[in-house]
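Visitor: Here's the letter readout for the chains.
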Amino acid sequence: MLIFKSFSICSSPLKSMEEMWNDINLSSLHHPHRSSSTTTTAQTFHFQDLFSKPLLSYKDQPPPNDVSSAGDTISFGFGSLSQQRTSLSLNSDSELGFKFLETSAFLVKKPALDSPACDKKRVQQNSDDSSEVKRKRLMKNRESAARSRARKQAYTNELEHKVAHLRKENARIKNQLTQFYLAAPTALEVPKKRTLYRTLTAPF
Amino acid sequence: MPTDPLLVGRVIPDVLDPFTKSISLRVTYGNKVVNNGCELKPSQILNQPRADIGGDDLRNLYTLVMVDPDAPSPSDPNLREYLHWLVTNIPATTGASFGQEIVCYESPRPTVGIHRFVCVLFRQRGRQTVYAPGWRQNFSTRDFAEIYNLESPVAAVYFNAQRESGSRGRTMPNQNI
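From first to last, the protein sequence lines are chains A and B.
Reminder that position 139 of the first sequence reads as 138 in numbering that gives the first Met the number 0, one-by-one numbering, no gaps.
Reminder that position 9 of the second sequence reads as 8 in numbering that gives the first Met the number 0, one-by-one numbering, no gaps.
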């Protein structure tokens, strides 16, 4: 909470404090303290880092549109802070301060596959690849199994609905029929079939 | 209904948004009536089915769309949806054979996985001219309905189909002759 307070010092904001809070709430921003425990890669951006290093100039950065959330990977629009060496100045007359907060609200969750290579990464890459393949295979299998279950369940449901519907229909028709019988018992009687029969017309 | 086969089978939301069924749609291949989620063999679905619709006023016209949302394979449906059949101006109480075939029936030939084939019925606001899309793949039933100002679907039914005979498929003679 203390961190947010320091930003409010900036004057002439483009947006109101309320809007800023909304932006932060909308993003999947982890609590600053939690973020440090969930990361395993060098690309992780810690909120605290904002204040420990010289900040990046907003003008040198790509527009906020770059911050996108694809699936469950949320990437930081600025790329890897630790590798870029530009300086950011958070001055009072620039409304950029609030924009920075907006775009910096996302943390890197997964290591990007096209990340700049460093030695540690290359060594990990090979083992990562095979485990990646395994993981993908597992996911595919899981999805396939889920589809299979859904298929089975859907058909069962359909049959159950049909059975219920047909039972109801059956009951309704039987009911109707009994009512007809009660109302006009003679109307339904089939006229007796006339069959040929022998008779004696002549006495011989 | 959480147990609606269309929901459980994921036809909603993969192809359609939730809707209320308001007219009967009976799709029949030969003497086999299609029930949601039933499995048919490609040899059974070679030729276009009968599609009988309910209703009571012949002046109401309907559009029938048949798509495969699992093309080319359910685990990677990058051609979703593949358009198999499109018929418009079908009068109520009649069948697809009384309508105008905009995209002729192409018999499903799933190669990988078990595909769903969805038949959707839309009520038209009046007689209309529908133009065939340039290609069958990557069709969007939703977009189509929007472009032609069709309301929510009035009925839908789907079935499953997979390659006729597993791994032997390639060595078996062509069954389409």
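Honestly, the hints are just simulated from the structure, not real lab data.
Check before you lean on any hint, since a few could be wrong.
[Said to hold, decoys possible] The calculated BS3-like cross-link candidates involving lysine-lysine, where the alpha carbons are at most 25 Å apart (straight line), are:
{"no.": "1", "chain 1": "A", "residue 1": "Lys139", "chain 2": "A", "residue 2": "Lys151"}
{"no.": "2", "chain 1": "A", "residue 1": "Lys135", "chain 2": "B", "residue 2": "Lys31"}
{"no.": "3", "chain 1": "A", "residue 1": "Lys151", "chain 2": "A", "residue 2": "Lys161"}
{"no.": "4", "chain 1": "B", "residue 1": "Lys31", "chain 2": "B", "residue 2": "Lys20"}
{"no.": "5", "chain 1": "A", "residue 1": "Lys151", "chain 2": "B", "residue 2": "Lys31"}
{"no.": "6", "chain 1": "A", "residue 1": "Lys173", "chain 2": "A", "residue 2": "Lys161"}
{"no.": "7", "chain 1": "A", "residue 1": "Lys161", "chain 2": "B", "residue 2": "Lys40"}
{"no.": "8", "chain 1": "B", "residue 1": "Lys20", "chain 2": "A", "residue 2": "Lys151"}
{"no.": "9", "chain 1": "B", "residue 1": "Lys40", "chain 2": "A", "residue 2": "Lys167"}
{"no.": "10", "chain 1": "A", "residue 1": "Lys151", "chain 2": "B", "residue 2": "Lys40"}
{"no.": "11", "chain 1": "B", "residue 1": "Lys20", "chain 2": "A", "residue 2": "Lys161"}
[Stated by the list, open to error] Here are a few chain B residues that face chain A, going by a calculated C-beta distance under 7 Å:
{"no.": "12", "residue": "Pro4"}
{"no.": "13", "residue": "Gly8"}
{"no.": "14", "residue": "Leu24"}
{"no.": "15", "residue": "Thr27"}
{"no.": "16", "residue": "Asn34"}
{"no.": "17", "residue": "Asn77"}
{"no.": "18", "residue": "Gly133"}
We put the CB at the ideal spot given by N, CA and C, even for glycine.
Visitor: Each hint should be assessed against the structure and marked as holding or not.
Guide: Evaluation of the provided hints:
no.: 1; hint: A:Lys139 with A:Lys151; in the structure: 18 Å, holds
no.: 2; hint: A:Lys135 with B:Lys31; in the structure: 39 Å, violated
no.: 3; hint: A:Lys151 with A:Lys161; in the structure: 16 Å, holds
no.: 4; hint: B:Lys31 with B:Lys20; in the structure: 22 Å, holds
no.: 5; hint: A:Lys151 with B:Lys31; in the structure: 19 Å, holds
no.: 6; hint: A:Lys173 with A:Lys161; in the structure: 18 Å, holds
no.: 7; hint: A:Lys161 with B:Lys40; in the structure: 22 Å, holds
no.: 8; hint: B:Lys20 with A:Lys151; in the structure: 22 Å, holds
no.: 9; hint: B:Lys40 with A:Lys167; in the structure: 31 Å, violated
no.: 10; hint: A:Lys151 with B:Lys40; in the structure: 17 Å, holds
no.: 11; hint: B:Lys20 with A:Lys161; in the structure: 15 Å, holds
no.: 12; hint: Pro4; in the structure: 4 Å, holds
no.: 13; hint: Gly8; in the structure: 4 Å, holds
no.: 14; hint: Leu24; in the structure: 14 Å, violated
no.: 15; hint: Thr27; in the structure: 15 Å, violated
no.: 16; hint: Asn34; in the structure: 5 Å, holds
no.: 17; hint: Asn77; in the structure: 15 Å, violated
no.: 18; hint: Gly133; in the structure: 29 Å, violated
When each numbered hint is compared with the structure, violations occur for hints 2, 9, 14, 15, 17 and 18.
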